Amino acid sequence: MRRSPNLKAVMDHVFPDYTRAEYVALVVGYAITVLVIVYIVIRAYYVATIVAAPPSPLLSVRGYIAGLGEEEKIGFDISAIRLTVSRVFATKLWEHVSYILTAMLVGTLTASYPHLSRLRAYFIPLLFRSRLSPEALYLLGLMVTYAILAPLAFSLVLVVYHVVYGSVGVVTSNLVYSLANIILAFLLVTSIVYVCMVILGRLELGVVSSFLAIFLIAHYYSIEGPIGVALMALILLVVVAMGSILARRRVVSV
Amino acid sequence: MRGSTNFLVLLALALALSPTLVFAGLAAFNPYEDRVSGKFVLEHASTLLRLASNINSSVKYKFSVTWILMPGTTNITVAVVGLECPGSGYTLNVTINDLEPVLAQGDISLTIERRSPILFMVIDLTIPGSCRVAGGVSSNAYIRVEAVAG
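Chains F and G, in that order, give the protein sequences.
Sequence positions in the first sequence follow this note's numbering and run 1 to 254.
Sequence positions in the second sequence follow this note's numbering and run 1001 to 1150.
Honestly, the hints are just simulated from the structure, not real lab data.
Because the structure is a prediction, the values reported are computed rather than measured.
We put the CB at the ideal spot given by N, CA and C, even for glycine.
One or more of the hints may lead you astray.
[As the list claims (entries may be wrong)] Lysine-lysine pairs mimicking PhoX-like chemistry, simulated, CA-CA at most 25 Å apart: (1) K1062/G x K73/F; (2) K1039/G x K1062/G; (3) K92/F x K1062/G; (4) K1039/G x K1060/G; (5) K1060/G x K73/F.
[What the hints assert, rightly or not] Derived Cβ-Cβ restraints for the label pairs, each shown as a range: (6) L59/F x F1029/G: 27 to 35 Å; (7) F76/F x Y1032/G: 30 to 38 Å; (8) L1026/G x A21/F: 50 to 58 Å.
Take these sequences, add in the hints, and give me the full structure.
Given below as structure tokens:
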């Protein structure tokens, strides 16, 4: 959509120097990131304190005659409560790690957009300069990866079928479901790395954004723990290494 | 923006915005209440006190309260309502968080400084057998606990 001349005049008046727009973008990106993280941390801590608080008497308390009854024992102390708070807080924070990473990603993109929009012109033409260039080969390899992996993603349908009709045991269905998740994650990661590198126009920011996205996907698909992170990092490194090395060599040579 | 200028702008923005935005976020999203109170009825106080007076003993009530309250300076009041004690009165022993226990004849009112939103209190009430519930068997005695932060 084209901007009207009036709007263009207003924008030129507000931002006569393009550098000022970059300052504004930095502030907005920074505010997005910090405020979202503060909100999530506060909510996580609030929920942790509520969960960790032992039950208080609702209406009445029981008494006893000294020497006859058994003394009421309080089964917890403040250190035990604080320990529970810290544990629940960490759990809640990890549950929301995808939101935090998303906020950081959006903040980074917002802050760096004006700068990147100028740099984008350097990288994209390299991908399509020649059909036999390394960048074009990387794109071809990406499409082959899609072609091989995409049919495997249909194993999800198999999982749904078996779970619905109950013909597969829980262990087997979980195994197939995990496999389907990994395949889907592979597809998503491949596309995200490619999109980050091409759209952002800067390889190092593309790699950083891809790393953020990888943890988001790992969390979304519940591929957690050291094995999940290691697996996702391995996939990421293989994909990024191929594209970035080829493209960087090309950029440097140009 | 390039090189050192870029770095300086980023550093200045980070230094200026970090505390401002964090404090703004804390003020905007703070979910904690600044006042909480509770009324805990002493179960069968009249019957227990009559029995205790016959064997020259006392009645004890011990329980814990955990409240989530805004951190900061907090005024805490613990009072027993509905008891008539002709001789020596009841004894309250209140332990708040990991502070030293506060022992008092009669009601307790104190101010503490809290950095955590958790207010954990262990309340230990000892009533001598000479006390009676005001209003007789049909009435209730209770402990009123109130905490006001800020």
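Each hint, compared with the structure:
1. For the suggested pair K1062/G and K73/F, the alpha carbons sit about 8 Å apart, so the restraint of at most 25 Å is met.
2. Restraint check for K1039/G and K1062/G: satisfied, since their Cα atoms lie roughly 14 Å apart, inside the 25 Å limit.
3. With a C-alpha separation of about 33 Å, the suggested pairing of K92/F with K1062/G is violated against the 25 Å cut-off.
4. With a CA separation close to 17 Å, the supplied pair K1039/G and K1060/G stays within the 25 Å bound.
5. Taking the CA atoms of K1060/G and K73/F, the gap is near 12 Å; set against the 25 Å cutoff, the hint holds.
6. Between L59/F and F1029/G the C-beta distance comes to about 32 Å, which sits within the given range of 27 to 35 Å.
7. As the Cβ distance of F76/F to Y1032/G is approximately 21 Å, the hint placing it in 30 to 38 Å is violated.
8. Between L1026/G and A21/F the beta carbon distance is about 30 Å. The supplied range of 50 to 58 Å is therefore violated.
Comparing the model with each numbered hint stated earlier shows that hints 3, 7 and 8 do not hold.
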